[in-house]
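Line order of the protein sequences matches chains U, G, L, Y, V, S, E and Z.
Going by numbering that gives the first Met the number 0, the first residue of the first sequence is number 0, and it counts up by one from there.
Going by numbering that gives the first Met the number 0, the first residue of the second sequence is number 0, and it counts up by one from there.
Going by numbering that gives the first Met the number 0, the first residue of the third sequence is number 0, and it counts up by one from there.
Going by numbering that gives the first Met the number 0, the first residue of the fourth sequence is number 0, and it counts up by one from there.
Going by numbering that gives the first Met the number 0, the first residue of the fifth sequence is number 0, and it counts up by one from there.
Going by numbering that gives the first Met the number 0, the first residue of the sixth sequence is number 0, and it counts up by one from there.
Going by numbering that gives the first Met the number 0, the first residue of the seventh sequence is number 0, and it counts up by one from there.
Going by numbering that gives the first Met the number 0, the first residue of the eighth sequence is number 0, and it counts up by one from there.
Among these hints, one or two may not hold up.
Claimed, not checked - Simulated pairs of lysine-lysine, DSS-like, Cα-Cα distance not exceeding 27 Å:
{"id": "1", "chain 1": "Y", "residue 1": "K111", "chain 2": "L", "residue 2": "K111"}
{"id": "2", "chain 1": "G", "residue 1": "K76", "chain 2": "G", "residue 2": "K93"}
{"id": "3", "chain 1": "E", "residue 1": "K199", "chain 2": "S", "residue 2": "K76"}
{"id": "4", "chain 1": "Z", "residue 1": "K76", "chain 2": "V", "residue 2": "K199"}
{"id": "5", "chain 1": "L", "residue 1": "K7", "chain 2": "E", "residue 2": "K7"}
{"id": "6", "chain 1": "Y", "residue 1": "K199", "chain 2": "L", "residue 2": "K76"}
{"id": "7", "chain 1": "L", "residue 1": "K199", "chain 2": "Y", "residue 2": "K99"}
{"id": "8", "chain 1": "E", "residue 1": "K199", "chain 2": "S", "residue 2": "K199"}
{"id": "9", "chain 1": "V", "residue 1": "K93", "chain 2": "V", "residue 2": "K69"}
{"id": "10", "chain 1": "Z", "residue 1": "K82", "chain 2": "V", "residue 2": "K199"}
{"id": "11", "chain 1": "E", "residue 1": "K199", "chain 2": "S", "residue 2": "K82"}
{"id": "12", "chain 1": "V", "residue 1": "K111", "chain 2": "Z", "residue 2": "K82"}
{"id": "13", "chain 1": "Y", "residue 1": "K99", "chain 2": "Y", "residue 2": "K76"}
{"id": "14", "chain 1": "E", "residue 1": "K76", "chain 2": "S", "residue 2": "K199"}
{"id": "15", "chain 1": "V", "residue 1": "K82", "chain 2": "V", "residue 2": "K99"}
As the list claims (entries may be wrong) - With beta-carbon atoms standing in for the labels, derived distance ranges:
{"id": "16", "chain 1": "S", "residue 1": "L89", "chain 2": "V", "residue 2": "G74", "range": "48 to 56 Å"}
{"id": "17", "chain 1": "G", "residue 1": "R124", "chain 2": "Z", "residue 2": "D151", "range": "40 to 48 Å"}
{"id": "18", "chain 1": "G", "residue 1": "D90", "chain 2": "U", "residue 2": "I113", "range": "43 to 51 Å"}
{"id": "19", "chain 1": "G", "residue 1": "P120", "chain 2": "Z", "residue 2": "D151", "range": "29 to 37 Å"}
These aren't lab readings, by the way, just hints derived from the structure by calculation.
Backbone N, C-alpha and C define an ideal beta-carbon position, used for all residues, glycine too.
There are 8 protein chains.
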Amino acid sequence: MLKSELLKILMQVSSGSLSPDEALKGIVQRPFVEAAHGLNLDTHRGLRTGVSEVVFGPGKSLAQLCGAVKALSEGKKPVMVTKIEQGSGLDLQKRFPEGKYWDIPGVFLLNKDIDLAHPWPALGRTLIVSAGGADLPVALEALATCLFFNLDAGLVSDVGVAGLHRLFPHLEALSQAEIVIVVAGMEGALPSVIAGLCDKPVIAVPTSIGYGTSFSGITPLLAMLTSCAPGIAVVNIDNGFGAACFAVKLMGD
Amino acid sequence: MLKSELLKILMQVSSGSLSPDEALKGIVQRPFVEAAHGLNLDTHRGLRTGVSEVVFGPGKSLAQLCGAVKALSEGKKPVMVTKIEQGSGLDLQKRFPEGKYWDIPGVFLLNKDIDLAHPWPALGRTLIVSAGGADLPVALEALATCLFFNLDAGLVSDVGVAGLHRLFPHLEALSQAEIVIVVAGMEGALPSVIAGLCDKPVIAVPTSIGYGTSFSGITPLLAMLTSCAPGIAVVNIDNGFGAACFAVKLMGD
Amino acid sequence: MLKSELLKILMQVSSGSLSPDEALKGIVQRPFVEAAHGLNLDTHRGLRTGVSEVVFGPGKSLAQLCGAVKALSEGKKPVMVTKIEQGSGLDLQKRFPEGKYWDIPGVFLLNKDIDLAHPWPALGRTLIVSAGGADLPVALEALATCLFFNLDAGLVSDVGVAGLHRLFPHLEALSQAEIVIVVAGMEGALPSVIAGLCDKPVIAVPTSIGYGTSFSGITPLLAMLTSCAPGIAVVNIDNGFGAACFAVKLMGD
Amino acid sequence: MLKSELLKILMQVSSGSLSPDEALKGIVQRPFVEAAHGLNLDTHRGLRTGVSEVVFGPGKSLAQLCGAVKALSEGKKPVMVTKIEQGSGLDLQKRFPEGKYWDIPGVFLLNKDIDLAHPWPALGRTLIVSAGGADLPVALEALATCLFFNLDAGLVSDVGVAGLHRLFPHLEALSQAEIVIVVAGMEGALPSVIAGLCDKPVIAVPTSIGYGTSFSGITPLLAMLTSCAPGIAVVNIDNGFGAACFAVKLMGD
Amino acid sequence: MLKSELLKILMQVSSGSLSPDEALKGIVQRPFVEAAHGLNLDTHRGLRTGVSEVVFGPGKSLAQLCGAVKALSEGKKPVMVTKIEQGSGLDLQKRFPEGKYWDIPGVFLLNKDIDLAHPWPALGRTLIVSAGGADLPVALEALATCLFFNLDAGLVSDVGVAGLHRLFPHLEALSQAEIVIVVAGMEGALPSVIAGLCDKPVIAVPTSIGYGTSFSGITPLLAMLTSCAPGIAVVNIDNGFGAACFAVKLMGD
Amino acid sequence: MLKSELLKILMQVSSGSLSPDEALKGIVQRPFVEAAHGLNLDTHRGLRTGVSEVVFGPGKSLAQLCGAVKALSEGKKPVMVTKIEQGSGLDLQKRFPEGKYWDIPGVFLLNKDIDLAHPWPALGRTLIVSAGGADLPVALEALATCLFFNLDAGLVSDVGVAGLHRLFPHLEALSQAEIVIVVAGMEGALPSVIAGLCDKPVIAVPTSIGYGTSFSGITPLLAMLTSCAPGIAVVNIDNGFGAACFAVKLMGD
Amino acid sequence: MLKSELLKILMQVSSGSLSPDEALKGIVQRPFVEAAHGLNLDTHRGLRTGVSEVVFGPGKSLAQLCGAVKALSEGKKPVMVTKIEQGSGLDLQKRFPEGKYWDIPGVFLLNKDIDLAHPWPALGRTLIVSAGGADLPVALEALATCLFFNLDAGLVSDVGVAGLHRLFPHLEALSQAEIVIVVAGMEGALPSVIAGLCDKPVIAVPTSIGYGTSFSGITPLLAMLTSCAPGIAVVNIDNGFGAACFAVKLMGD
Amino acid sequence: MLKSELLKILMQVSSGSLSPDEALKGIVQRPFVEAAHGLNLDTHRGLRTGVSEVVFGPGKSLAQLCGAVKALSEGKKPVMVTKIEQGSGLDLQKRFPEGKYWDIPGVFLLNKDIDLAHPWPALGRTLIVSAGGADLPVALEALATCLFFNLDAGLVSDVGVAGLHRLFPHLEALSQAEIVIVVAGMEGALPSVIAGLCDKPVIAVPTSIGYGTSFSGITPLLAMLTSCAPGIAVVNIDNGFGAACFAVKLMGD
């Protein structure tokens, strides 16, 4: 609550148009909804942070998921649930038949019509680039999130450093983007190479793809954080959602 | 080198205005300067990446540092050296008396007049916020980098979560910024709190301040990466320079 | 065995009211019961430590669990088993039909009537606060333990730092508690914020909720240990039981 | 700021005894002092959290330390600085000759007369127990903090598990304490043993004493967190100050 | 693309035998095939790196695997898929009945007739040596890769340091090899011993065989990297494929 | 092969009673048996190291296990297989009906009649002590190994530090043992306490029992290695077999 | 205190030859000496554990060290101080001129005449074997401890796996020892090799010698714990003292 | 000792041309020299492993270093000492004035004339490529080792991925090399990029250059091990010597 809002409320109290008790309510009122099972849904997160509440799937029972989707979708508002496995995803789709579950990124969408099927647009103010074929789930989670929040976004896949020339046809797309989200597992070198080649800021997303010394994504995470190329910032392992949120806050309406 | 540039060169060859040999030279020519001691200074990094080459101090001998500063400052170009300790910093200042060494952030500047003394502007399109008094060196490195690259930047210091109310007078500055750089050591909670309060993307910078379980910055790094608040991306421990570079790529000229 | 008890026994020997052999038995007698399968149940742990023996479920076979419950419940004494999965929990309930298995916290109770269903009391001398909806299992384990040991305890759920305003309606409950147990996963920032806001000691419980860099609870654990807010102490990851035990030792009868 | 305080301010606005502008100031006013060098001293932390601001030494320059001590000691208020090395400690004593620097715990005290010299009281509502002779600096930091905040505190040293019988003469002191702070390095077994023997809650403080696999305190930290004895909570490595703060919040005036 | 190739193209443009547009296409043309599901198969990797593209199985759906195999096998070219589990392996074999799935190394081969059944040749310019019986899957992956790329390779198994004498009958094979690939789990001592005994360079492959402190292969990995015997280089845990690729680049045609 | 043996062979060659070729065979002959599937069974490991070859189960196929058991049991020699899960254990028993599979320690025995059922002898020159009921599998693996190698061994279970008095009835057994094997999970404090109480060397075995910060046995492992009590040596996590082997080498026939 | 001792005391009370108060004193009396600076010296540790108290140097001030040496040396008893750096070692020697400081192992000895100068005996019931020349400080600490406790001990140095043949002249010494202490840094392979060659139990001591991936001794520690050779137990990094204590408990008088 | 050598000795014994005793001596004779201070110099390591013994500096006293240099240089044989700091290096030079200490790689050379001064040859059968200016010490250690063992080697420095175009002028040198040693710190991406571009095997050397999340070289180490480009093998952090040894074994005379 910013000073200006507070001053407005105080003015109303001072002028008598608002009683102290009502003002108090206004100031401490709950901008959230208590859903079933002890959940408090933060209904004005969008207003406050620019990113409205999205349901994080893991660790929630089906009952909790349904309760959250139901509460957030009131008035046909769009709802997104992330990182849910196929079982729960299909259960959700049964309960909300007008929604759609996309299994590769593990995303459920309600009241929002988004097409995540291949081929994807390869241009956009937010350009998502993925290093390997196995990084697609994370890249698509980022794409889904961008589209859910109405960003102009594109996706270029499978252009990792083992065959860097595959990236070259997309240099112009890079030069036209405003921010680039680079998704990579294994040794995570692609963000460094892209940041060394172009003048756009890079959000790097390490993925848990790999085995042995990839340590479920720790190695690309560390490599991205330690990059000697300028203008890279990093999010959690497999966090396509978080990378997209950064872009949303930057460019969202 | 983008397709369009390449096509232009090929056209010149085709029209005879450029010989094949000259074209070849143009294509593979070295956009870097070989300085003493085996250094290759990347003189068109600014053009290519939007962030011109800055000298990273650690691990370089004084001879290497001087060689690099001399080569990059040709034609009175501005030069910045980062993360140099007091000894080498003062040595540099002796060798380049028109430069200035700032000891808290460990930054040496030549041909660029920047004032890093307290008080700092508390407003800016890039707003730097630091959690504790001991995080200042990193916050000032970020400020110096922003100013070196001509960004409009401000700095608010010592407003960590142990006394969050100290942040409240700066909520309007947050709402006026376009990007916020949050510098914090210890448990690194400040970026989460700020990202939960405002609608600006946050670049989080963990610092090595703390002891025991802060593990020289690993703990705030992990906490920032794992934040449940949307719109946070993270850079290396103590990497004020990198956070600023991200802002430069986003908003630099 | 304190000096005073020992002196009393020696006095009885000296006065002839106790034979040396009986005294010896009294001193070295086994204050535990040998149950089946090599278990030694510590029947006077309550007397000695203020917290009577509770059965830790993991790694025990059903036969061991049943043997332990049977031995500890002699004379209709209340028994609690913690951290058991649904399969074993329902098996126990079949074997002891007068008991009850609660599946979210994974707790089995016998000879003790406790209601863990939502809604929970939001006030108490011990106040449990949980950051996210997915932290409920751990928060409920803490609540069950408090109630099992007859503490006056309450639970406030889903008030994490991504929407801190959800905590505000509960500030008075915080001010009325004597000790606060804060349960949080992800980046674990809630205990820092609460300890910075109120004058009650905080027992922080990291949870394994999260993915990637939450490292199954290591990140919130480290963040809580490194907090810059005063008056926080931490227990093992997911250890709602242990946090409650601390409160029991402090305030139990 | 609790509801009741806010309601009072609104009432005053409503009755005209306070103008909206003044009310605004009252609500957002700064309960902190801006000291030199970008520090914001949190002057009402004591009121809010029960533990007034103490100066954490590491990472601060002498100028910052002096500025902080000066600002906080206004009106002859007691000031404590923790974890400062001998050099800075003696410098502070020169600048504030009426203060006293204690070198073993690395504590500087001003306007507060506390005796940390051996022998220490071995009884107290807060009883500090240290495992080894080398754990004394941390144990004394805890003792200094307790006494600074006027707790009734005692200290029993060098009674680790390699010779547990050394603890026996102090069993009565344990039974009279209300909370026990146990300081141990190496394998950190002492808190488990004490928590298994007595009915008082234990705050365990791992120390960085040891070599090799003690990993600067990580091993005792993990052992304390994983203890199978009930009623132990843990603070950061070497954090005698934090353990004492927990006791202050619990029992302070 | 080397200078000489580029010069040739430019000459052709200059002489008019190639139009600028065609030259441009030649320079930036895609030496890869876009397969289904967002995969870009790097068809001239063999030419460029000496090791043609092999399909890495993990994280790919059956549809992706089939698409990749089909695209790479055009013109009856040999194809290898690595690290696929039995389910997908047999599925592949059904779809490409002329191929063969070997379950111990988890390798699928098409258009390439290789016999991986015991006994294996115990001599070869590339000699693979495995420490324990449980290391065979990794050793056979190395053997399969060598044979796929037409190397002269042999395999000696189960000669670890717990019974070093088992290695002695193979000393002559070691002396005849040009490079030795040593596969070992547990404490990973075999590469050190072999490198101390013979004058051939050793590629060491740690395996995830073991339990407890083998930490899924971290311990042999570290032991191999830290070896005091000269001439050892190390690849990822369980990376028999990578070790063989090194040999292929060294000795392949 | 010791000097004396070699000299004897050379003497025989010199005297003509042994031809050079036969001598060569004698010197380099294979003291191992090549079994199916690339296994080399070390048949004179008992002679050389005092501990004959035991089959380590994990990572071996049923075919490999059967081959190894068959080869080692030739001539009705006793065979032990360790760490096999119930499925493979029962399969082995079917193939070798005269053998016996014990499921708690996961041990299969052939041609060796050992009783591992409760109650166990509580006395022995090698005394095994386990801290918790869930540590039994590891303690029984140690017991089985001792008995397999004909040691005089006993087992005392469930006497951990949360109720140390349970250990007191066994102090005399400790004083009569020659070596003590202490098995403990969680914080692993029991070996320290026992080594501080008695004058016998202690082999400490950390177990993977616990959750959260027990880190699958890393915490008790580190605590045991860092113990401040003298005379403790440590083996791998869950390595009851290895601890027993140490005793076998010390006291075996 | 064993049952028999306790029964004897109770008998005396019963017969009137001991008053209850005196008996109480006898039972709880302090078998330790309070030295200066809060130290409690455990004077009957030798009796109880077979290893009398030795002063661990690190973290103790010179005053503490001198106090401890003085208290323990009463009546010309032998005293050993371990792991002290040259400065403190020479200071001790000045204060106790009849003592001797050996700088390579960092050991100070008083009232005990031991010669640690090269050459060392290469035979003994306890045989110490060190892998590299840089492991000597740890090996000599083990030798000093053995000799301090009157063991028959020998030392063979610099016979690591990079040139294993250097070990061969000592195979007979191995076969005559009863226990072998193997000291190794780097990859720590020597204990595996020795345990695979001979039938003596091995106490393995990892050292912090090495760089990079030796991680200050973690790598040899892990390799030793994970060894596939039977009969190895491990102590802390650089803990020559602890390895020797194990031998003392086993074979000491 | 191979079978053929052994057979030859046995033949001589059999024919009487060698007595059993002399044969025994021949077989077990010591191919090493006992130098002062417990060192055993492995004088036929060159013969056996292809890499003669080089003195590893760290952890050795000046006396040990001098003893080793003196013993190995007998008969004017060339000697190299690695990783010695300036102090000891200059001391060595004083003692052996005909030798030379090079301070950047920390190498001392005797009886071997090698020039390590800039500029270095940029071509060679072994080509060393370093990513940054600060990686030079490690790259030069590799160069010195190659030249010491008479390899044809070159060095290209400062061509890291932040400005990859600096590598392009050296593509032909890459194509002419037989093996490439790539030295890189920070995120360690250069080996991946080079292995993806050329058909030579790559020995990757991570360096400890960097700060924060470079973790003293762990991050480039992990990135190199996890590379998705084929044909990379890795050595210890900063181990330029080891990488060169691999090349020596491969191509040395």
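Against the structure, the hints come out as follows:
Pair hint K111 of chain Y plus K111 of chain L does not hold up; C-alpha atoms about 51 Å apart against a cutoff of 27 Å. At most 27 Å may separate the alpha-carbon atoms for a hinted pair to count; K76 of chain G and K93 of chain G meet this at roughly 19 Å. Proposed proximity of K199 of chain E and K76 of chain S is supported: the alpha carbons are some 23 Å apart, at most 27 Å. As the CA atoms of K76 of chain Z and K199 of chain V are separated by approximately 23 Å, the hinted pair is consistent with the 27 Å bound.
Between the alpha carbons of K7 of chain L and K7 of chain E the distance comes to roughly 18 Å, so the proposed pair stays at or under 27 Å and holds. The hinted pair formed by K199 of chain Y and K76 of chain L meets the criterion: a straight-line CA distance of about 23 Å does not exceed 27 Å. Proximity of K199 of chain L to K99 of chain Y is assessed by CA-CA distance (about 30 Å); at most 27 Å being required, the pair is judged violated. For the hint pairing K199 of chain E with K199 of chain S, the CA-to-CA distance comes to about 18 Å; that is within 27 Å, so the pair holds.
The suggested pairing of K93 of chain V with K69 of chain V holds, with an alpha-carbon distance near 13 Å, which does not exceed 27 Å. The hinted pair formed by K82 of chain Z and K199 of chain V meets the criterion: a straight-line CA distance of about 25 Å does not exceed 27 Å. Straight-line distance between C-alpha atoms of K199 of chain E and K82 of chain S comes to about 25 Å, which keeps the hinted pair within the 27 Å bound. Straight-line distance between C-alpha atoms of K111 of chain V and K82 of chain Z comes to about 49 Å, which puts the hinted pair past the 27 Å bound.
With a CA separation close to 15 Å, the supplied pair K99 of chain Y and K76 of chain Y stays within the 27 Å bound. For the hint pairing K76 of chain E with K199 of chain S, the CA-to-CA distance comes to about 23 Å; that is within 27 Å, so the pair holds. Simply put, K82 of chain V and K99 of chain V have alpha-carbon atoms about 14 Å apart, close enough for the 27 Å limit, and the pair holds. At about 50 Å, the CB distance of L89 of chain S to G74 of chain V agrees with the hint of 48 to 56 Å.
Range check, R124 of chain G to D151 of chain Z: about 56 Å between beta-carbon atoms, so the 40 to 48 Å window is missed. Distance hint for D90 of chain G and I113 of chain U: a CB-CB separation of about 59 Å, inconsistent with the stated range 43 to 51 Å. For P120 of chain G and D151 of chain Z, the Cβ-Cβ distance of about 59 Å falls outside the hinted range of 29 to 37 Å, so the restraint is violated.
The structure fails hints 1, 7, 12, 17, 18, 19 (numbered hints given earlier, in ascending order).
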